[in-house]
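*Asks:* Position one of the sequence shown corresponds to residue 141 (the numbering used here), numbered consecutively onward.
To be clear, the hints were calculated from the coordinates, so they are not data collected in a lab. You can take every hint at face value.
Computed list of lysine to aspartate or glutamate pairs in DMTMM-like fashion (alpha-carbon distance at most 25 angstroms, straight line):
| hint | residue 1 | residue 2 |
| --- | --- | --- |
| 1 | Lys351 | Glu259 |
| 2 | Lys516 | Glu429 |
| 3 | Lys329 | Glu346 |
| 4 | Lys261 | Glu379 |
| 5 | Lys351 | Asp608 |
| 6 | Lys349 | Asp578 |
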Amino acid sequence: MIKKIIFFLLIPVIAFSQEKDKVAMKYAKEIAANSMFKNLSVLASDEYEGRETGKKGQKMAAAYIAKQFKEMGIPPYKDTSYYQPYPLNMLAPAPLNIEIEGKKYTRNKDYYNFPLQTEQKIETQNIIFLGYGIEDSVYNDYEGVNVSDRVIMIMEGEPFSDDSLSLITQSKISSKWSFNLNLKIEAAKQKNVAALLIVKDDIGKEIEKNKTKLATATLKLTQEKEMPIIYISKLMANEILKYRDTENVQRIISETKRPLNVPGKSTVIIDIQNNTQPIIAENVLGYIEGSDLKEQLIVVSAHYDHLGKEGNIVFNGADDDGSGTVAIIDIAKAFIKAKKEGHGPRRSILFIAFSGEEKGLLGSAYYVENPVFPLKNTVCDLNIDMIGRIDDDHFDDPDYIYLIGSDKLSFQLHNISEGVNKTYINIKLDYRYNDDKDRNRYYYRSDHYNFAKNGIPVIFYFNGIHPDYHRETDEIEKINFDKMQKIARLVYYTAWEVANRTDRIVLDSERK
Numbered sequence: 141m142i143k144k145i146i147f148f149l150l151i152p153v154i155a156f157s158q159e160k161d162k163v164a165m166k167y168a169k170e171i172a173a174n175s176m177f178k179n180l181s182v183l184a185s186d187e188y189e190g191r192e193t194g195k196k197g198q199k200m201a202a203a204y205i206a207k208q209f210k211e212m213g214i215p216p217y218k219d220t221s222y223y224q225p226y227p228l229n230m231l232a233p234a235p236l237n238i239e240i241e242g243k244k245y246t247r248n249k250d251y252y253n254f255p256l257q258t259e260q261k262i263e264t265q266n267i268i269f270l271g272y273g274i275e276d277s278v279y280n281d282y283e284g285v286n287v288s289d290r291v292i293m294i295m296e297g298e299p300f301s302d303d304s305l306s307l308i309t310q311s312k313i314s315s316k317w318s319f320n321l322n323l324k325i326e327a328a329k330q331k332n333v334a335a336l337l338i339v340k341d342d343i344g345k346e347i348e349k350n351k352t353k354l355a356t357a358t359l360k361l362t363q364e365k366e367m368p369i370i371y372i373s374k375l376m377a378n379e380i381l382k383y384r385d386t387e388n389v390q391r392i393i394s395e396t397k398r399p400l401n402v403p404g405k406s407t408v409i410i411d412i413q414n415n416t417q418p419i420i421a422e423n424v425l426g427y428i429e430g431s432d433l434k435e436q437l438i439v440v441s442a443h444y445d446h447l448g449k450e451g452n453i454v455f456n457g458a459d460d461d462g463s464g465t466v467a468i469i470d471i472a473k474a475f476i477k478a479k480k481e482g483h484g485p486r487r488s489i490l491f492i493a494f495s496g497e498e499k500g501l502l503g504s505a506y507y508v509e510n511p512v513f514p515l516k517n518t519v520c521d522l523n524i525d526m527i528g529r530i531d532d533d534h535f536d537d538p539d540y541i542y543l544i545g546s547d548k549l550s551f552q553l554h555n556i557s558e559g560v561n562k563t564y565i566n567i568k569l570d571y572r573y574n575d576d577k578d579r580n581r582y583y584y585r586s587d588h589y590n591f592a593k594n595g596i597p598v599i600f601y602f603n604g605i606h607p608d609y610h611r612e613t614d615e616i617e618k619i620n621f622d623k624m625q626k627i628a629r630l631v632y633y634t635a636w637e638v639a640n641r642t643d644r645i646v647l648d649s650e651r652k
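With these hints in hand, go ahead and build the complete structure from the sequences.
*Replies:* Encoded structure:
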C-alpha cells in the first residue's frame with residue numbers, strides 16, 4: 141500500500157515537466173478569437189437551418205468544415221474523403237400494442253416506448269421479474285438466472301435494507317445504479333434479453349415529461365435487431381405477476397438483503413410495429429500524420445449538428461456545439477502550420493466533427509464501430525462540447541471550464557491536463573460534474589463517452605448549461621470569444637503534450 145501511495149504522489153512530477161515549450165506557444169497563436177468568430181458566423185447562421193442531422197443544414201455544415209480542412213492543407217484520412225458517411229433510420233412513432241391475459245392496454249397512458257427499427261411479435265408466459273436488474277459484485281439480480289431470449293421486468297432504483305442502508309454501498313448514499321438507468325439496460329443487452337420491461341412508479345408523470353419525444357421521429361443507426369425497452373405502470377407489472385406485487389418483492393429484498401426473482405404468471409403479447417425511412421449522415425475527418433510514433437493516434441472532436449428548425453424558428457446552436465466545432469478547426473490549423481514548418485506531431489492527430497450527437501451520440505457510435513484508425517492505437521479523445529458561454533454559477537468568474545472524465549481511465553492524462561493548464565493558461569478547472577453520482581450524467585451525454593466505453597481515455601471540455609441551452613436564443617451574439625480562445629488553446633496544448641511525449645499515456649488498469 142505504501143508503494144502504491146508513493147507511486148501516485150510521483151505522477152504529477154513525471155507526467156508533465158511544467159516548462160514552457162516555445163514552439164508550442166508559437167503555433168498556439170493560430171487559435172484566435174477572430175478566426176473562430178468568422179467560422180461561427182457562418183455555421184451558426186440561419187442559412188444553415190440549425191444543422192439537424194440528415195437535413196440540408198447538416199450537409200452544408202459538413203461541406204463547410206471539409207472546405208476549411210482542405211484550404212489549410214489538412215488531408216482527408218488516407219487521401220480519400222473528408223466524409224465518413226453512415227446509415228441511419230428515421231423512425232416515426234408507430235403502434236406498439238400490449239395485451240396481458242387478453243386485456244389490451246393503452247400506449248402513452250398505461251405504458252410508453254420509443255420507436256424501434258424491427259417489427260416483431262412476442263407472445264410469452266415466461267416473463268421473469270428480476271428485481272432491480274442490477275449486476276454488481278456485491279449484489280447481482282442475474283446470479284444463477286438464465287435470461288437469454290426471455291422477457292424480463294425490473295424496477296427502478298436499488299435495494300435498501302430496513303434500516304435505510306443501500307445493499308450496494310452499505311451506506312445511506314445511493315450507488316450509480318440509482319442514477320444511471322443505462323447501466324441496467326446495458327446489463328440486459330449483454331445477457332441477450334428478448335425484451336426489457338421497466339416499471340415506473342408514476343407512469344403518467346413520465347409520459348408527460350417525455351411527450352414531445354414520444355410524438356416526434358427519432359434517428360437510430362441501422363442494425364439487424366435491437367432489444368425492445370418498454371416502460372410500464374405498476375398496475376401492468378402486478379397483472380403480469382398475478383399472485384404477487386412489486387412492493388411485496390421490494391419488501392422481501394429489503395428484509396432478506398438478497399436478490400429475489402419471481403416468474404410472471406400471465407400470458408403477455410407484445411406487438412411491435414415500425415415506420416422507418418433510411419437516411420445518410422456524415423462525420424467530417426481531417427488527418428495529420430505523425431512522425432516516429434505515427435501509428436498512435438490522438439482524437440480531437442466536437443459535434444457540429446444541432447436541433448434544426450421548427451417552422452420559421454431556427455435553433456442555431458452557437459454554443460452547442462458551434463463553439464466546439466470552430467475550436468477544433470482552429471486547433472487543426474495550429475497543428476498543420478507546425479507540421480508545414482517542420483514541427484509536426486510525433487503521434488498522428490485525427491480531427492473529427494461528429495454529426496448525430498443530438499440524436500443520441502450516433503456519429504461517434506458509428507465511428508468507434510467503424511474506426512478509420514485502430515481503436516487499440518487510439519491514445520485518447522479530447523472532446524469539446526460547449527465552451528463559449530458562462531453558466532449561472534460563474535457569472536462573476538468567467539475564467540473557468542468544467543472538465544469531465546479526465547481521471548476516469550488514465551490519471552496520467554488528468555495530471556498532464558493539470559500541468560498544461562498551470563503552465564500555459566491558468567484558468568479554473570472545475571470538476572464538480574466529474575462525480576460518478578452527478579445526476580446530470582454529463583459524462584454519458586457527449587461523444588467522448590463512446591471512446592470511454594471502449595477503454596480510451598477522454599477529457600470532456602464543457603462550460604455548463606445556460607438559459608439558452610437547446611433554445612432558439614443560443615446565438616452568436618452571446619458567445620464569449622476570449623473565453624473560447626483560452627479553452628481551445630488549453631485543448632491544443634494538451635493535445636500537443638500527449639502527441640509529442642515519448643511514452644504513451646498509461647491506462648490505470650495497466651499500472652503495476
